[in-house]
Every structure is written in structure tokens, then in C-alpha cells.
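A.B. asks: Take the given structure of chain A and dock chain B to it, following the hints.
As you go down the protein sequences, you meet chains A and B in turn.
Start counting the first sequence at 18; every next residue gets the next number (our numbering).
Start counting the second sequence at 2; every next residue gets the next number (our numbering).
By construction, these hints were calculated from the structure, which means they are not laboratory data.
Quick reminder that beta carbons are idealized off the backbone N, C-alpha and C, glycines included.
Worth double-checking, as some hints may not be accurate.
Label-pair distances were calculated between CB atoms; the ranges are [said to hold, decoys possible]:
no. : chain 1 : residue 1 : chain 2 : residue 2 : range
1   : B       : Tyr-203   : A       : Met-159   : 46 to 56 Å
2   : A       : Lys-154   : B       : Gln-301   : 41 to 51 Å
3   : B       : Met-324   : A       : Pro-287   : 52 to 62 Å
Below, each chain spelled out in residue letters.
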Amino acid sequence: MDRVGGICKDKMAPHERVGALMMGQTPDRVPFNPFAMGFAALNCGYTVESFYNDPQKSLEAQLRTAEQYGYEPVLLLGYAAYGGWEFGGEVKMPTSIWEGAPSVARPPVESEEDLEKLELPDVKTAGIIPISMEFSKLCDQMGLPILPGTSVDAITVASNVTDVSRFCRWMMKKPELAHHMLRLATDHILEAYQYWVDTFGAQKIMAGFYVTVAANQVISPKQFEEFVLPYQYELQEKILAMGVQAAFMHICGEQNLNLPLIQQLPLGSPRQPVILSFGHEVDLETAAKMFPDNIIAGNVEPQVIQNGTPREVYDLTRIAIEKGKKAPGGFFLMPGCELPPMAPGYNVYTMMKAVNDFGFYN
Amino acid sequence: MAEQKRPRQDTMSSGERMGAILMRQRPDRIPFMPFIFGYCARNVGYPIGAVYNDPEKSFWAQMWTAEMFGYDGGAMYAYASMGGWEFGGEIKMPQSEWEQAPTVARFPAQTPEAVDALEIPDVATAGCYPIALKFNKIQQQFGMPIMVMAFGCFTPAGNIAEVDVLCRWMMKRPEVAHKLLRKCTDFSKKVVDYYVEHFPNYPMMGFTGEASAANQIISPKQFEEFVLPYQKEIHAHILQSGIRNIFCHICGEQNLNLKYWAQMEYGDPGILSFGHEVDLTKAIEVFGDKHAIAGNIEPQVIQNGSNQQVYELCKAAIEKAKMAPSGYLLMAGCEVPVQAPPYNIYVMKKAVMEHGFYD
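Bound-form chain A, shown alone (with noise of 0.2 Å):
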């Protein structure tokens, strides 16, 4: 892809500072992917819906809203509701200006005898699988890196199957209710990967792991601990056991209560790089501290990617490049999470004149 025009004065292209970061050489320049999902539907002229069913529109979209601002491309047709549809229940495709991605219309598990009978679906068949399969072959084609679209994140594939209040009941009142649909949701995620694994190989797979519902917003530290970490060490491992060639970590929301905790995880090693991606609520500087042997990513609030001011986010961007370019694992500037749909154009493009602004290594 050659850009027209904007404000770039790269000196590598977007693989190769990918590539870079994740070698844990210095790139030219702190790359930047704005966790562009619905968003990048909508730059394009697609509805947000189409992001999430069409396979190619998907793709298009991606790449072409990442020429067009010139950022680096993480492609991926997901979505954080993964759980419900995908064992048995129904998605709600984002249809009006006000939803920005899936949601559960009817959680598969509404009481303990639905969750006695739940069995784990055919991950040929269940939910988004097919077609985010489809869409990794298009990825594949392209000779792109392939990220599954299936989360590893137990404890929110298992919150969509029951719904989050009933699954925090669960934890308090009836935990091993909450234990069994943990294995469940961890054999079911265990099971896609290999599907992905087994149709292109490991070495082309990104792993994507995730930690949204264990946020503290959500849930205690000591919850973490019980209901998260064990099954999460389990997915971790066995995926980069896999041999999987890089995973993306994206702890979400505020988790600052369970960075103890998730450093116990395996985050990869040189060879196998893990990006872990904050959301606001962690600090940059901790993070990096925290974690100094990963890359870090994110943060800026994508609260104020949607409503602040140009200069807010050109602000919140700058001051994110200047911590997250000390950390020494090295630094990929994002959103604290995905860019709302309904995001102003131009404050993505501020985040890019930050990024050439602040962003180079010399």
C-alpha cells in the first residue's frame, strides 16, 4: 500500500517496524494501531455490522483505513461478547449509531440445570468461528499475520455464556457453578486454537489474549485469583506451547489491583514476543516497570478519542508516547481499547501527528 500525501516521514514501513518491536530492535518510530474495529467500517462506508459478518469488507476496511492514516495494521475479526453465541445462545449485530460491536441477545445459560446440560460447541460451526476463519484465510492469502478470533480470556468467554451478574453470583454463592463453566469456556477456547493451529500452522498465529470481565470494575483481586489466574496460566501456557509466533495481551479497564497477579502468567519470552496493552486506568510508567521484559501498548482513554477536543487527544497522545517510548521492552501506542465507532476522524489523525511529532527514536 503506498499513502497519499499526510504527514509521514517513516523510514520503515509498517512490517518492518512491526517487526522491529517485536525482534526488540528500535524501530524508527513508535508504531501506533488505534484498535480500529467498527470504526474502520464506518471510515469506509460499511456498516459497523459489517465488520463483524462480512469477512472481506472487514479486511478492506482495515487496510484501508490504516493507509489512509497510516497507521499499522493488527487485523482481527472478534469481538469482546465472544461466549454467547459461539455455545448455543444468540448475538445482537451492532444496527444503530449507539452500539459499536456484538452483543448477547440471549445468554445460552440462564440457570444451573441450563449450564448441566451445556456442552462444548463444534468449533467448526459455533458462533463468529466460521467467519472469522474466513476471514484468516483472507489474512493468509495476503500473507498476513493471523490473529483467531476466538478470545483466550476464560472468565469473559464464560461471563457471555451465563451473563456477567449471574456468573458473579456464581463466584460468591455458588462457585463451583462458576469453576465448571470456567473449564468449559477454557477446553472450548483450547479446542478453536488448535482448529486455527491445525488450518495454518502455529508460526503464522498471533495469539490474542484477553482479561476484560476480570477487571476490577468487575471483579476483587482475591476474585482474580480464584476464578481468573488459574485458568488463564493454563490457556497462556498450552497456546504458547503451541508455538505460536507472538500473543497480544490486552488487559482491559482497570486492573491495577491484579498487575501482582498477572505477572504469574507466561508472557512469553524474546522468542515468542507477548504485547500486553493497557487501558487508562494503568498507568504507562507502571506498566512498563511492571512488565520489563514485554512490550507495552496503549493507553489513551478512548472516552476522549470520542468526545474530547483535537488538542486533548493530541495532549493524552503525546504524553503517552513520552512514558510509553522509556519502556524498556519497548512501546506500541493504542487506545486504552478499542477506538469507538463514532470516534472523529481527525482526532485519529492527531493521534498520528503526535506520534510524528514525539514518536521517533532519534
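C.D. replies: Leaving out everything else, chain B in the frame of chain A:
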């Protein structure tokens, strides 16, 4: 998009490029002026109405959007519903996602008696002019040329009486239509005089246009009687006032009116922009020797078309008009729709960078 040519680098700034067009010299590449207002507000996170009722936000929304997409031409204040508010009616600023520009909420003169009673307003206080003047002062602060929104005749008359009332008068009470057009023309001249007085020796360009005179609304015969003499008078007055160039937007289906537009002055050179209904080859044939031609990418395609369709339309327009003797500017055929996908504007620039260079 699987695209063709490797992009080139500009060798002129936007100001130099536009200056070259106005000096009848060949720029490095064709300029790209998308004709974009409410879109800019949306692009920077402002409500669309801010482009029309907040001079500071309007200016910066336009400048920032121009910077982001790298297009030429600066900011300007204008909208098509002028007349109603300026002559004492009411305006409705765009608020919902379905409104892209101001509309007349109450027409000030819908009877012959009301037309008789209409007084020529004071430019300094009439309708949007105080806002436009503040906007122009900001432009002046930054040393940017000012586009003088010269009001006009037929379209403002339709915004004062309501278009269907004006159309009935043209057929049944032509003397009333003429009386109203006279008043609009006199106000236009007053606007020009006001700008010349308040921005002495400052670089300015006249901005005129005709939307309601399109053949979707009136016949060429009606154009000859109700538009030509007044529009001609306004253009002559602009140029006699010392403003050297006129940018005239000939909006919509105007093929049958072109012979009349050709009878007007636009300066040396003028810039004439056309809707997608007028073929660029025809526009160049009629006006291209004397004036730069701009246009004419169909706005509906910019909003609803695929990225590839927009690119192809721009490429075809550039290939058709690039060698126009007095220059060519790529533009939308009318205002870029507020809800147009950003990538479609990016591909317009991409087409310019891949096909718009002169060497």
C-alpha cells in the same frame, strides 16, 4: 484498493498551486478543493451547525480537515439557503444527522404586498452576515484570502418567497418576481461594497452560485428573463469593485443555461464549478479558454458509492479535464455530503496524487 500508480510528492504549497491557477500558470498538479462544509464539523467532533453559527469553530474545522486530507483551498463561509434570514425571516440550523445545512424556517415575503414592503437590509446585521464577517476577520488574521459571499439573485429570491411561490410569480405575476429580484440584486451589490470598504486592499475573490436556476426548476427561457440580467449585473459589480476573480458554482442541471452563463464576466480568470449533470468536456468547450473549470464528482456517489467507484469517477474527471486550457480543479459536483465515508474523500485525493500531476 489495488491501485495503479505510485504517488508523487507535491512541489508547490496549496497557496502556490491556487496562485498558479489565478495567474494562468500550470501548477505542479491539479488542485483538489472538495467543496466541504458540514462534513468538516463532523470530522473534528463539532455539531454540524457549528460550521454555520460559530465562526471560530467553522474556521478551524475547515482548516483541520483540509490539513488531514491534504486538500487545497482554505476555509469559506457560505450556504445555499441565503436570503430568508437576511431579509427578516427565520433560519433553522442543521441539528439532526439528516440535516446537512441551514434551511429557511419562515419565509419573509410570500405575498406581493410583503415583497413591496421588503427593505434592503443592513449588511452588518443581516442574517448570517455578522457571522460571516467574524469568520472573514479570522481569515484576515491568518493572512488568508477572503471569499466574498455575494448573496446572489434568483436563489435568494426563492429563499425569501419560497421557491414554488417565486415560480408561480414568474408565470403569473412576473412584475412581482422582478421586483424581488431587483431587491436581491441591490443587496448583493451592497454586500460587495461593504466588503470592499471593510477589507480595503485585501485579497478577495467573489463567490456566486445559482442552485434554484437549475433546469430541474426553471426553463432556459425563464433563466434568460429572470436570472441572466441580475446575475450579470452582480458579476459586473464585483469586478468593477476591484475584485479580480469570481468563483461561480453553477449548480445542478444547467446544460440548457450554459449559453447564458457564457454571457457573464467572471474575472481573469474566473473559476466555474459544475455539477455532475454538466459534462466537463462541454464545460471546457464553453468556458475553458477563459476560465478554470472545477467539478464535478457526483456527491451521491461520494456518500453512497464504493471506494473504487469514487476513485474511478475522479480518475475519469481528471483525465477528461486536466488539460483544460485555463486549468482544472477537482471538486465535488456540489457540497460533499456530511455523512460521506472519510475514505471516499481520501481516495479523491489519492486519484489526484496518482493522475493529477502535469509532468
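A.B. asks: Is 41 to 51 Å a correct range for the gap between the Cβ atoms of Lys-154 of chain A and Gln-301 of chain B?
C.D. replies: violated, 35 Å
A.B. asks: Does the Cβ-Cβ separation between Met-324 of chain B and Pro-287 of chain A fall within 52 to 62 Å?
C.D. replies: Taking Cβ atoms as reference, Met-324 of chain B and Pro-287 of chain A lie about 58 Å apart, which means the hint holds.
A.B. asks: Taking 46 to 56 Å as the hint, is the beta-carbon distance of Tyr-203 of chain B and Met-159 of chain A inside that range?
C.D. replies: Holds, at about 53 Å.
Violated hint for the displayed structure: number 2, the only one.
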